[in-house]
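Whenever a hint applies, use it, and build me the whole structure from the sequences.
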Amino acid sequence: MKENKLTIEDMLYRFFLCFLIIMFVGYLVMTHIPVDLFHFPCIFRQLTHLYCPGCGGTRAIKFLLHGKIIESLFYHPFVGYSIGCIVIFMISHTARYITKGKIKGLAYRNLYLFIGLLIIVLNVIWKNYELVVNGIALIP
30 MKENKLTIED MLYRFFLCFL IIMFVGYLVM THIPVDLFHF PCIFRQLTHL YCPGCGGTRA
90 IKFLLHGKII ESLFYHPFVG YSIGCIVIFM ISHTARYITK GKIKGLAYRN LYLFIGLLII
150 VLNVIWKNYE LVVNGIALIP
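Heads up: the sequence shown begins at 30 in our numbering, then just goes up one per residue.
Think of the hints as simulated: they come from the structure by calculation, not from any bench. Check each hint, because a few of them may be wrong.
Computed list of lysine-lysine pairs in DSSO-like fashion (alpha-carbon distance at most 27 Å, straight line) [what the hints assert, rightly or not]: (1) K133 - K34; (2) K34 - K131; (3) K129 - K34.
DEER-style ranges, computed between Cβ atoms [said to hold, decoys possible]: (4) I165 - R138: 32 to 38 Å; (5) L76 - A124: 43 to 49 Å; (6) H95 - D39: 19 to 25 Å; (7) A124 - L79: 41 to 47 Å; (8) H95 - I115: 15 to 21 Å; (9) D39 - E159: 39 to 45 Å.
Keep in mind the model is a prediction, meaning the values are calculated, not measured. Even for Gly, the Cβ is constructed at its ideal location relative to N, Cα and C.
Structure below.
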């Protein structure tokens, strides 16, 4: 009997499919709840008065859900980058499944993770530089 071993791309495809379904259901639920669940205090910012690597991420998601891509990228460019990677990955692998492998899906590369990490590091350095050196609070 032949064993079907899942590739990392297959596992990621299944994970992202579940993730997207959960996010879609969450979005539907949140649009019907009157409480604004997008205001969480950042403990790191409260203690250090600096931006943490995730500061702006929740607002970036909120802007992205409202179709405001530029504002989303301003608050946290990693959100747009990761969503873009997920969309391209999902489309390419859905095409791969539909065509039974005739179309190749986007292959997993560690480079995509390193680019994301670089985006996060540059974002936190830039925002804290503006805050500390120039006195400009980019995220209220």
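Verification of the hints:
A threshold of 27 Å between alpha carbons decides the hint, and for K133 with K34 the separation of about 18 Å falls inside it, so the pair holds. Under the criterion of a C-alpha separation no larger than 27 Å, the hint pairing K34 with K131 is consistent with the structure, at around 19 Å. Annotation: proposed proximity of K129 to K34 holds, straight-line Cα distance about 16 Å (limit 27 Å). Checked against the hint of 32 to 38 Å, the pair I165 and R138 passes, with Cβ atoms roughly 36 Å apart.
Checking the proposed 43 to 49 Å range against L76 and A124 shows it holds: the Cβ atoms sit about 47 Å from each other. Under the hint 19 to 25 Å, the C-beta atoms of H95 and D39, about 33 Å apart, miss the expected range. With their beta carbons about 43 Å apart, A124 and L79 fall inside the hinted range of 41 to 47 Å. At about 19 Å, the beta-carbon gap between H95 and I115 stays in the expected band of 15 to 21 Å.
Restraint check, D39 to E159: a C-beta distance of roughly 42 Å satisfies the suggested window 39 to 45 Å.
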